[in-house]
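One-letter residues, chain by chain:
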Amino acid sequence: MSSTPPEQAAPTLSQEAGHSVLTLPEHILEVLSDSGEGAQKCGQSFGAVSAKMGNGAWTVEIIPAEIQPPPRTPDGASGVRIRIGTQKITNWGNRTKLAIAFNDQVLLSRHRLNALADDAIILLDQAPENHDNPQVRQEWIEALEELSSRNYRLIKVPLEEECLKIVDNPRQGKNMFALGMLSWVYLRDLERVKEQIAHQFRHKAKAVYERNVRLLEAGVSWAEQNLDFRFDIPTTTPDEDMVVMNGNTALGLGAMAAGLEMCSMYPITPATSVSHFLSESFDRLGGMVHQAEDEIAAIGVALGASFAGKVAFTVTSGPGLALKTEFIGLAVMTETPLVIVDVQRGGPSTGLPTKVEQSDLLAAVFGQPGDCPKVVLAPSTIEECFHCMITARRIAETFRCVVMVMSDANLATGQQPFKRPTLDPRWQSVQPDLSEVPVGTEPLQWDPETGLSPRLIPGQPGGMFTATGLAHNEGSHIRSDPENNQRTMELRSRKLAVLQSTLKPPVVVGPEHADLLVVGWGSTRGAIEEAIEKGQQEGLSVAALNLTFLSPLQPGLGEIFENYKKVMTVEINYSDELDQPYINAENRRRGQLAWLLRATTLVDVDCWTRVFGQPLCPGDILDVIRGKLAAGGQS
Amino acid sequence: MSSTPPEQAAPTLSQEAGHSVLTLPEHILEVLSDSGEGAQKCGQSFGAVSAKMGNGAWTVEIIPAEIQPPPRTPDGASGVRIRIGTQKITNWGNRTKLAIAFNDQVLLSRHRLNALADDAIILLDQAPENHDNPQVRQEWIEALEELSSRNYRLIKVPLEEECLKIVDNPRQGKNMFALGMLSWVYLRDLERVKEQIAHQFRHKAKAVYERNVRLLEAGVSWAEQNLDFRFDIPTTTPDEDMVVMNGNTALGLGAMAAGLEMCSMYPITPATSVSHFLSESFDRLGGMVHQAEDEIAAIGVALGASFAGKVAFTVTSGPGLALKTEFIGLAVMTETPLVIVDVQRGGPSTGLPTKVEQSDLLAAVFGQPGDCPKVVLAPSTIEECFHCMITARRIAETFRCVVMVMSDANLATGQQPFKRPTLDPRWQSVQPDLSEVPVGTEPLQWDPETGLSPRLIPGQPGGMFTATGLAHNEGSHIRSDPENNQRTMELRSRKLAVLQSTLKPPVVVGPEHADLLVVGWGSTRGAIEEAIEKGQQEGLSVAALNLTFLSPLQPGLGEIFENYKKVMTVEINYSDELDQPYINAENRRRGQLAWLLRATTLVDVDCWTRVFGQPLCPGDILDVIRGKLAAGGQS
Amino acid sequence: MSENCGTLMGCGVEDERSFSMDDYSGPLARWCPGCGDHAVLAGVQRLLAKEQLKPERTVFVSGIGCSSRFPHYVDTYGFHGIHGRALPIATGIKLARPDLDVFAVMGDGDCCSIGAGHWIHAIRYNINMTVLLLDNNIYGLTKKQTSPTTPQGFASNTQPRGSFLPALDPIQTTLGVTNASFVAQTADWVPSHLAQTLEAAHAHPGFAFVRILQRCPVFTPTIFEEAAMNTDLTELLEHENGVTDEALKGVYPHTLYHDPTDIQEARRLAESSSKVRLGVFYADPGHARYEELRAVPKRTAEEKIALLNAEIDRYAV
Amino acid sequence: MSENCGTLMGCGVEDERSFSMDDYSGPLARWCPGCGDHAVLAGVQRLLAKEQLKPERTVFVSGIGCSSRFPHYVDTYGFHGIHGRALPIATGIKLARPDLDVFAVMGDGDCCSIGAGHWIHAIRYNINMTVLLLDNNIYGLTKKQTSPTTPQGFASNTQPRGSFLPALDPIQTTLGVTNASFVAQTADWVPSHLAQTLEAAHAHPGFAFVRILQRCPVFTPTIFEEAAMNTDLTELLEHENGVTDEALKGVYPHTLYHDPTDIQEARRLAESSSKVRLGVFYADPGHARYEELRAVPKRTAEEKIALLNAEIDRYAV
Ligand SMILES: Cc1ncc(C[n+]2csc(CCOP(=O)(O)OP(=O)(O)O)c2C)c(N)n1
Ligand SMILES: Cc1ncc(C[n+]2csc(CCOP(=O)(O)OP(=O)(O)O)c2C)c(N)n1
Ligand code: SF4
Ligand code: SF4
Ligand SMILES: [Mg+2]
Ligand SMILES: [Mg+2]
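Protein chains in written order, with our numbering: chain A, 1 to 635; chain B, 1001 to 1635; chain C, 2001 to 2317; chain D, 3001 to 3317.
Hints listed in this document are in silico derivations from the structure and should not be mistaken for laboratory results.
Note that the structure is a prediction, hence the values are computed from the model and not measured.
Quick reminder that beta carbons are idealized off the backbone N, C-alpha and C, glycines included.
A couple of the hints might just be wrong.
Capping the alpha-carbon separation at 20 Å, the derived lysine-lysine pairs in PhoX-like fashion look like this [unchecked claim]:
id, chain 1, residue 1, chain 2, residue 2
1, A, 97, A, 156
2, D, 3143, A, 41
3, D, 3275, D, 3249
4, B, 1204, B, 1041
5, B, 1041, C, 2143
6, A, 204, A, 194
Facing chain A, according to a computed beta carbon distance under 10 Å, are these residues of chain B, among others [unchecked claim]:
id, residue
7, 1357
8, 1553
9, 1573
10, 1581
Only chain A is shown next, with the shape it has when bound in the complex (with noise of 0.2 Å):
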């Protein structure tokens, strides 16, 4: 699972049809429009071509908070960021070299959040230069005083003109325009992109499609007059076959090819969508998808169905994993099997909905009132994403217990191609034996050494129990003295050191020993592994750790800890920073991962922590690197 970052090589330059082509090993493009008018529509299916293509992709939306924000403001900035490369892509990078946007107010959200290089190119709508209405005039004129401080190329397009020529209303038009003339400034294959808005307008009438496809043509041919510059960023036609979705896709389609058959969920933001993707295929698989009246409902049901024998799994965000807590607490003390989904977003409370944070780590690990041992992992990519749903329902059964999954926003609507997974049948769970057991079995036959247990599924004659989440001995009895809660308590954190004991050491990537190490988890890992190779290229004496496992956290972490000066970690949550008021190193409040780290090996791991809602840029990454190795010994 390890990538490699797109290799900085230096720019080529050729000519072409009269036109410059720049050859770039990279790039990173976003188109921005208004909500409705389809911005990521089009930058999804540039994405999608380029994959297919054979360029290495990473997608991000640009969600406004609102359903249908007023157009032409900031904050109803809706859209996608692309970056492409000859090789894989594994994050969003730092800033967008080019982009379009269908008004001057969209385009200002992204430059006031810094996300635009210095000398990005820009090509903007000009309709509003000239509108109607005085107000919009007015704002067209403040906003580019505003862009002005920057050293943007800015190329007026005569977006909504062009359209008008092929349909009535432009927002439904726009969006192609902009496709046709990113096709031709990125040299896509036509016929390709043709193909995608084919399979998009699959449903509707073949006019719409041809409708399209004329304004797709009609962007690609006023590019080709207009502009002067075009980016070819090589592709590499994949080895094997390749697929491209995003987490949330990749976690639903997980969940089939793991064999959970049931998702019961109730809808939130950034989690819904893995049940939009399953509502429309799982029954046909003999799944369910089971929209339940809250998200306590909705682990209840779960665990009903993983109680009457399959393994059933839940999907949601920080306040519903709130809402579960008392949930998991009688999963973890029956020992049903059950997979905990938690697509993270912004907090505390209802916080930033669909932004991303790495938050929930330490409330996902100890949020239970009681002793709750329970597993917990990450994914770290779209792929991961895939396969992590496998391994979660194998640990779950295999070991009876609460597996959570802690992915994020930015996984969950993030794009990249990876290599198409080969199915196998026996990553599906074995439908229950209902054979009758012996007399005097016990629903909770402990093995004393590991704590594990076989499950009695009801309909197994002879196996009849009542599970109960109060202190109970192996024929699930409640017992209430000290010995058997003392006994069974040990025998449920067992299990975690069994687990604890078939892990792996987690790999290094980079140097072996070093000054710095800097430790991840999650969806940071693309942003922080390209880091630590730009400041290797640097000559930074630097390597990056990300852990899949968090509870139990994989072997060795403190031998690899040793061999190198400083120990950090990187991660989406909050941490006090030692130059600030009152904050010191006794009372300063760290990142998740880094509490966990240091009590578990007792090495001063320090932390560098943003709540952005936004993913990590690389290049902040390699400051922050910078600063750690340059702030010298004291560590």
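Here the structure of chain A is known, so what remains is to put chains B, C and D with the ligands in place on it, guided by the hints.
The following block gives chains B, C and D with the ligands in isolation, referenced to the frame of chain A:
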């Protein structure tokens, strides 16, 4: 709040009216019965009288899991342990020296739990020996056989027979007869005992009182005629006014003394009795107990009331705390003052509802998705149960934050005499000022250094705003930009550092430098301090530290720990032990406070924990200390 | 009602076992002497024996409370869950395994207070299960706190000067929920009526909600005393499609002919309160059943793989 | 209805301010163009101005959803809470401060799905507040998932082949709960009816539940289209104690005389479904109100200390 354990003075023997009177610094006794036979009333009366006479005392209820368990079953044992001493008593001690048992089976339960000293004197009702029912007679024989494995001094008492001379139903008489016996054995002031009975039956007919006094006196004279031992635990007249109550009553009184005006709750053992107590008196003080439809509504109502200008609180236990998780996040995010009392019980899940555990610490500190800084504190004595509510209310209001008070089942039902609090009107919350605020006053006018801000209360003209759990700015307006999110998290977190800067380092009990420091929190304090004091008397180099604040931790811990070769926690929660299969230093799951301390101080804090559903015994802790010190250099 | 053995994952062989009430008895029930829960347990065991339900294909699900200990005392499969959440767990079991015969047992706090949201929605889902509300008008296990069904004025430990509000009527509330399909009331002290009501409920294809008036001699000894002693205070609802016990009619002087398909009349009867009405208020097997609407095909691992491959193809590069 | 100024912690001085609709306007509402929530907001602001409610003594409480953004757009105090929990928060506010005028605004998912338990209990508490259910038959904010009130067969992202179950009827459900005191239905597209219904609800002393049929042009454009366009599909409930708009009667051909104190008839009307019925189904000011029953004396700190000392004396040694 330091405790002085009873001195281990040598017992003295004297002769009084033909009976040997043994003078002892302390004694532990138990009264054991079937549920409904009133052993608890007997024991609590005995404890109260002892306290009034000037003994130190600590009572612990023995509570069966069912409401009316079948009679004559070990599981159904109901009763009370009372430890009295010349000096202050801070915990339930080690093993019982004298037990009165109303039948052989309830006695067996305590025998099996190893709760009785090897040389305990046992006064056992002899009625079952010649019972009509042969099964009962058989059980008696087997029980006596089982009990003979110890050196108990077993004395058969015609308890039922004697009671039947006075009452028709001995189930309603034995406890008073027993109280009489105990009063004689322990030289209690009979007038005080009668006063106590009078108080107890003040709502009943005079005849009831008189019948009970007859039973009492019968017990006294039977003892006088038949027993050959008496114990004198010398009393000291306290130089200040004292009160005696259990921890839940103290929490309730503390809440009223603190000026809290609403307790919004849902019944849950062992927290409910706080609200039972308050339901009787709170509304006379202008307060209110609201029993909500569930735990979520309970905290929601409290939050609403706090928003409207009160400081409200809710009281719960593990499963209820789990359900409140989401609302805790909302309170943190909206900076609404709120006090949450968690009377901890055995977990996980429904666990051991009537038994003690300290397993909610990490859930309290870390249990909410997203970054939820809040204050967590733990009373360690009944007296602190009272005072901590005043602290909690004040912090909640000053810092506009959530304060969690972690009590437990041991404090909840344990009774102890302590200095009568001198009430202070300044403890009361100030009635909200509803005067107009100037235009532009923001609802979250954060001090940029401290993160503190004054509350605006509905009713204040000019102050209108909408509280929200979404990310927001000082105006409480929804904002999703990166800087605002980072800054507001910083400010909410900062408040903890500011509070921490006002706290004093905790005070070590025992030597300032030693081989071992035992750290604890909450109700284990008395047992730990008694153990280290005994240890010191043995010449062991050991000290103790109790932490009142768990979030933020009090300052100076790192420096304190440096003065000890080894540091360990002693807690009533679960931890793996290194000699168990598969467990090693790396994968070991540790006590909850140990985790916090390791991560904070990077000191290799070890732990010894038990989940026996019982308070810890000083003797067991002392054994652990001996073992830990014997283990020599390797820490 | 369950489709026993054979349908989904069953044995396919004719079952020759026969079961007595004893075959369904778990460990000795630990309720207080005189607790109405004992009578309900006996009634349920009688039903199980009468219908010869296979112990291994029967599941009792409960929440937390005195009444929720129920599953421990029946020798079938069981899930003693958490407070208020019996119905989601039961729903999950039945959705996963429609072949199992599912009973849910709840207390009044459990069902009507903390569990109220699930209760409303489970009525609406109308999943085929037998649902018993053991209503003692009090929180038993936690020792006498007011429940939603506590009569106004009745003193408890949390409302010591009497319950503030009129008691919630679970029958009326259930009848208000769209898609309610079976609603009945019986009492622990009328064993034959209890038995017949349980039979009718179990036979009903859908969510069969039975409120059982249940005596708690420890905390609410007075509440049902009169009704249990004085037969004049009871009115039996009688109908050929309801519960009709000729023997009982000799004991109870008041009988009312009521057609349980008439929901308007059912609501009217639930409203007026001069007598304790026992019987089937409403029953209509024609309502939409969620688990039926959600039936999914059974697939082998290989079939799944094939379908899944087609699914993945949609994302092929 | 609130007792403004003076009672509990008020100013005692005559208030000379007068408020226009604009005085109640917060920042520009960010709902989609054409969203029915805009009309409800306008109706509420009209009510506030009509009743001259003091902005500082008025509190809007909501959960999470499109509709729950409501408090942000009214310039009074507000609490934008968490999903499903508007009613507990509103209850806490009103219990603590009966002098405040409290409104609760909820979506159909918010109130009838995740909030169902609180909804049932809030109806029963019957605390004096005005409660608006903005029912667009869908989860709006999370982008088109089935809600309990989604019509059977209507496709959503979680039930793409159509909602499985018949829609829950919030009016009928509310009418089933003991102690329900005011239940009305109106629609965002009939402003004058909306306004009068809000007035009646606000004037009602108790929990005044108003279901507002609310158009969501983005996710359920078809659901209310017909009803909003074709006046023939609507039936107005008319009564001197209900909502009666002579002007509207000219527009809507069907009017039904209904006495809102007749709960049986109200339930009957809520049941039959050929027309969309707008009006007051039930209103009776005589029901027990929890916050009234719970009124506590006001005490000074000194009084409290004295009472508390007496309390502590009980524990003196
Ligand atoms: C989440 C949670 N809240 C509260 C409790 C405490 N509790 C246990 S049983 C119970 C109520 C019991 O009353 P009821 O449901 O009527 O059942 P009964 O005991 O009367 O049969 C409560 C509040 C709990 N176990 N879990
Ligand atoms: C605890 C929790 N669960 C789920 C969500 C996600 N969520 C936000 S709004 C909503 C439902 C919105 O539908 P509705 O209540 O009908 O309001 P509308 O948007 O239609 O006005 C959901 C499920 C959440 N924010 N919190
Ligand atoms: S307390 Fe009441 S309900 Fe509970 S077991 Fe005893 S009699 Fe039954
Ligand atoms: S999505 Fe629907 S309910 Fe939400 S704001 Fe838009 S139109 Fe209104
Ligand atoms: Mg009950
Ligand atoms: Mg809605």
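Against the structure, the hints:
About 16 Å separates the Cα atoms of residue 97 (chain A) and residue 156 (chain A), which keeps this hinted pair within 20 Å; it holds. A C-alpha spacing of about 17 Å is found between residue 3143 (chain D) and residue 41 (chain A), which places the hinted pair at or below 20 Å, so the restraint holds. A distance of roughly 15 Å separates the Cα atoms of residue 3275 (chain D) and residue 3249 (chain D); the hinted pair therefore holds under the 20 Å criterion. Between residue 1204 (chain B) and residue 1041 (chain B), the direct Cα distance comes to roughly 15 Å. Compliance with the 20 Å bound is thereby established for this hinted pair.
Annotation: proposed proximity of residue 1041 (chain B) to residue 2143 (chain C) holds, straight-line Cα distance about 17 Å (limit 20 Å). For the hint pairing residue 204 (chain A) with residue 194 (chain A), the CA-to-CA distance comes to about 15 Å; that is within 20 Å, so the pair holds. About 7 Å separates the beta-carbon of residue 1357 (chain B) from the nearest beta-carbon of chain A, less than 10 Å, and the hint is met. Using the Cβ-Cβ criterion of 10 Å, the hint placing residue 1553 (chain B) at the interface with chain A is satisfied: the shortest such distance is roughly 8 Å.
Against a cut-off of 10 Å between C-beta atoms, the interface hint on residue 1573 (chain B) holds, since the closest Cβ of chain A lies about 6 Å away. With a least beta-carbon distance of about 5 Å to chain A, the hint placing residue 1581 (chain B) at the interface is held under the 10 Å criterion.
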